[in-house]
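Student: Single-letter residue listing:
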Amino acid sequence: MTDSQAVLTIAVTAAVTLLLRMLPFIILGEAKKTPPFIMWLGNVLPYAIMGMLSVYCLRGVSFASAVEYVPPSVSVLVVVLLHIWRRNTLISILGGTVCYMILVQAVF
Amino acid sequence: MAGYLVLGMGFGIILESKGYGVLWAFAMSLLIYAGSMQYLAVDLMTAGASLITTALTTLMVNARHLFYGISAAEKYRGAGKRKPYMIFALTDETYSLVCGGKSPSGVNETSYYFYISLFDHIYWVAGSVAGSVLGKVLPFSTEGVDFTLTALFVTIFTEQWMSTHDHTAAVIGVGSSVSCLIIFGADSFLIPSMIVISLLLTAVRFWKRRAS
Numbered sequence: 256m257t258d259s260q261a262v263l264t265i266a267v268t269a270a271v272t273l274l275l276r277m278l279p280f281i282i283l284g285e286a287k288k289t290p291p292f293i294m295w296l297g298n299v300l301p302y303a304i305m306g307m308l309s310v311y312c313l314r315g316v317s318f319a320s321a322v323e324y325v326p327p328s329v330s331v332l333v334v335v336l337l338h339i340w341r342r343n344t345l346i347s348i349l350g351g352t353v354c355y356m357i358l359v360q361a362v363f
Numbered sequence: 379m380a381g382y383l384v385l386g387m388g389f390g391i392i393l394e395s396k397g398y399g400v401l402w403a404f405a406m407s408l409l410i411y412a413g414s415m416q417y418l419a420v421d422l423m424t425a426g427a428s429l430i431t432t433a434l435t436t437l438m439v440n441a442r443h444l445f446y447g448i449s450a451a452e453k454y455r456g457a458g459k460r461k462p463y464m465i466f467a468l469t470d471e472t473y474s475l476v477c478g479g480k481s482p483s484g485v486n487e488t489s490y491y492f493y494i495s496l497f498d499h500i501y502w503v504a505g506s507v508a509g510s511v512l513g514k515v516l517p518f519s520t521e522g523v524d525f526t527l528t529a530l531f532v533t534i535f536t537e538q539w540m541s542t543h544d545h546t547a548a549v550i551g552v553g554s555s556v557s558c559l560i561i562f563g564a565d566s567f568l569i570p571s572m573i574v575i576s577l578l579l580t581a582v583r584f585w586k587r588r589a590s
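For the record, the sequence lines run as chains L and U. First residue of the first sequence: 256, per the working numbering; consecutive thereafter. First residue of the second sequence: 379, per the working numbering; consecutive thereafter.
Just to be clear, a hint being listed does not mean it is correct.
Each computed SDA-like pair below joins lysine to any residue, with the alpha-carbon atoms no more than 25 Å apart [what the hints assert, rightly or not]:
| # | chain 1 | residue 1 | chain 2 | residue 2 |
| --- | --- | --- | --- | --- |
| 1 | U | K461 | L | M277 |
| 2 | L | K288 | U | G563 |
| 3 | U | K453 | L | P291 |
These are calculated hints, taken from the structure and not from any lab test. Since the structure is predicted, the reported quantities are computational estimates derived from the model, not experimental observations.
Using the sequences plus the hints, can you model the full thing?
Tutor: Here it is as structure tokens:
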């Protein structure tokens, strides 16, 4: 990919992202009251979407061999346990990532 | 917020490893400002994806932002001149902070949301630039650093799980996604998942309202 193609890729990504962020505000408007159902959906969706995105990040994991699934499985477990233990976002993210890097580089 | 610094560094390191230096990291984080999508954009750039593929991928991966806007629309009402920037800067992390916490007492709500947006943005750009610079000089391999994104979502998921008693939505989210992943495959399960999640959540609300 040439630099100008890369610039276009970035421009398209930025434009579509901005459009998605603006759309609800344009449709719902400044004056109108948000319908209760939409309010409720906005409240419960994050819980479902974060679960979905976690699955999305792990979508490529194959269960064909331990080399494939052990590092992500163990690292996800480390993230969850670290978070339950310390409840500190930074520690959980760093701990899980370091664990994963060690596993894929040094162990498997 | 500190998560953004780490995640940004991960992004900078990955981008640098693909041959795009510090200016690219700075520009992408400043202008796109979407964590997971920027990681994916690096893939798209190195794979030489078409602009249509790029647009569709962005649409699918960032469609969740529609819902962020829906729930933030109420909170951002009357934000005035700051509103356009706040809408642009409504990322996963900012959204979770805006919806997760009450503003400290005595602090204007709009200002609170505005500064969350601004500082998240600064952390993100600074992290990306630092990661890009660091990626050049790190004495060890950075293979596996892209796990930061997975770690971020799992951390937020765990935090949300711990801070609420009703886990219906969380279970629906994971259950629907895993089912759709098995049925539709890794490349095209995101949109079916979002549809199934919306339908199931709507059904749950309907059922709960009837029960009460």
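Student: Hint by hint, say whether it matches the structure.
Tutor: Status of each hint after checking the structure:
1. Between the alpha carbons of U:K461 and L:M277 the distance comes to roughly 10 Å, so the proposed pair stays at or under 25 Å and holds.
2. Proximity of L:K288 to U:G563 is assessed by CA-CA distance (about 39 Å); at most 25 Å being required, the pair is judged violated.
3. Distance restraint check for U:K453 and L:P291: the Cα-Cα separation of roughly 14 Å lies within the 25 Å cut-off, and the hinted pair is therefore satisfied.
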